[in-house]
Amino acid sequence: GESVGLHLPTLSVQEGDNSIINCAYSNSASDYFIWYKQESGKGPQFIIDIRSNMDKRQGQRVTVLLNKTVKHLSLQIAATQPGDSAVYFCAENMNSGGYQKVTFGTGTKLQVIP
Amino acid sequence: KAGVTQTPRYLIKTRGQQVTLSCSPISGHRSVSWYQQTPGQGLQFLFEYFSETQRNKGNFPGRFSGRQFSNSRSEMNVSTLELGDSALYLCASRLNFGGATNEKLFFGSGTQLSVL
Numbered sequence: 294g295e296s297v298g299l300h301l302p303t304l305s306v307q308e309g310d311n312s313i314i315n316c317a318y319s320n321s322a323s324d325y326f327i328w329y330k331q332e333s334g335k336g337p338q339f340i341i342d343i344r345s346n347m348d349k350r351q352g353q354r355v356t357v358l359l360n361k362t363v364k365h366l367s368l369q370i371a372a373t374q375p376g377d378s379a380v381y382f383c384a385e386n387m388n389s390g391g392y393q394k395v396t397f398g399t400g401t402k403l404q405v406i407p
Numbered sequence: 004k005a006g007v008t009q010t011p012r013y014l015i016k017t018r019g020q021q022v023t024l025s026c027s028p029i030s031g032h033r034s035v036s037w038y039q040q041t042p043g044q045g046l047q048f049l050f051e052y053f054s055e056t057q058r059n060k061g062n063f064p065g066r067f068s069g070r071q072f073s074n075s076r077s078e079m080n081v082s083t084l085e086l087g088d089s090a091l092y093l094c095a096s097r098l099n100f101g102g103a104t105n106e107k108l109f110f111g112s113g114t115q116l117s118v119l
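Chains S and D, in that order, give the protein sequences. When we follow the working numbering, the leftmost residue of the first sequence carries the number 294, and every step to the right adds one. When we follow the working numbering, the leftmost residue of the second sequence carries the number 4, and every step to the right adds one.
Read the hints as simulated data drawn from the structure, not as lab findings. Don't take every hint at face value.
Unchecked claim - Label pairs and their calculated CB-CB ranges:
| id | chain 1 | residue 1 | chain 2 | residue 2 | range |
| --- | --- | --- | --- | --- | --- |
| 1 | D | 63 | S | 390 | 16 to 24 Å |
| 2 | S | 347 | D | 63 | 30 to 38 Å |
| 3 | D | 76 | S | 372 | 38 to 46 Å |
| 4 | S | 349 | D | 23 | 41 to 49 Å |
| 5 | S | 392 | D | 31 | 27 to 35 Å |
| 6 | S | 303 | D | 70 | 34 to 42 Å |
| 7 | D | 16 | S | 310 | 40 to 48 Å |
| 8 | S | 363 | D | 5 | 21 to 29 Å |
| 9 | D | 99 | S | 364 | 23 to 31 Å |
| 10 | S | 402 | D | 11 | 20 to 28 Å |
| 11 | D | 25 | S | 338 | 35 to 43 Å |
Quick caveat, the model's predicted, so the values are computed rather than measured. Glycine residues also receive a C-beta, built at the ideal position from the N, C-alpha and C atoms.
Bound-form chain S, shown alone (with noise of 0.2 Å):
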């Protein structure tokens, strides 16, 4: 069936350092891609997207890879700060019949140790 999972479920950083949380799909044709983060006692909030026509996009901090071959989307955060500690969620999706269904991931709790 169509899914979306992370590999790590947590990963912890060093104040300062890059991030990079991954995520594989298996839907092929899945055509676009949200990042988005959830801090505790919020909902999740969109970071940033990504159409399958790209495979790279850049935003404040951070950067989305779509690797269409191998179904790999990442997220890489750039000098991670303790206001990025939070669990990020990728979704998926996909136009079927009419409908733009989303699929999410497990999420990955990001950790930035001061």
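Starting from the known structure of chain S, arrange chain D on it as the hints suggest.
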């Protein structure tokens, strides 16, 4: 523009009771989705409503139901509560539910339900 609003923020119920959660989407958003989130689990999709009609449904028992009103506000109901229903219930809105436009979801802060 106000974000997605969910009420109440916390709920404590006992087994066998029923509960209703409310969600007000971002103004102009017509699609509302509901998710269940438990510790160690990802976001489990419950259902999505658009124009007062359920458009898609996840793999949850019939005890979980929802509806959407003409102003796009949505409610979800869980009947005959079980201990395993304890979770954070998240609501998310987006402009539409289909078409060629890819849209991100905007989430509320959720309702934390505890079943004793």
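Here's how the hints hold up against the structure:
Between residue 63 (chain D) and residue 390 (chain S) the beta carbon distance is about 21 Å. The supplied range of 16 to 24 Å therefore holds. In this structure the supplied range 30 to 38 Å holds for residue 347 (chain S) paired with residue 63 (chain D), their Cβ-Cβ distance being about 34 Å. Checked against the given bound of 38 to 46 Å, the beta carbons of residue 76 (chain D) and residue 372 (chain S), roughly 41 Å apart, stay inside it. Under the hint 41 to 49 Å, the C-beta atoms of residue 349 (chain S) and residue 23 (chain D), about 45 Å apart, fit the expected range.
Between residue 392 (chain S) and residue 31 (chain D) the C-beta distance comes to about 20 Å, which lies outside the given range of 27 to 35 Å. Checked against the hint of 34 to 42 Å, the pair residue 303 (chain S) and residue 70 (chain D) passes, with Cβ atoms roughly 38 Å apart. Between residue 16 (chain D) and residue 310 (chain S), the C-beta spacing of about 44 Å keeps the proposed range 40 to 48 Å intact. The hinted window of 21 to 29 Å between residue 363 (chain S) and residue 5 (chain D) is violated, with their beta carbons roughly 41 Å apart.
Taken as a hint, the range 23 to 31 Å holds for the pair residue 99 (chain D) and residue 364 (chain S), whose Cβ atoms sit roughly 27 Å apart. Between residue 402 (chain S) and residue 11 (chain D) the C-beta distance comes to about 27 Å, which sits within the given range of 20 to 28 Å. Hint check: residue 25 (chain D) to residue 338 (chain S), Cβ distance near 21 Å, so the stated range 35 to 43 Å is violated.
Of the hints listed earlier, those the structure fails to meet are numbers 5, 8 and 11, in rising order.
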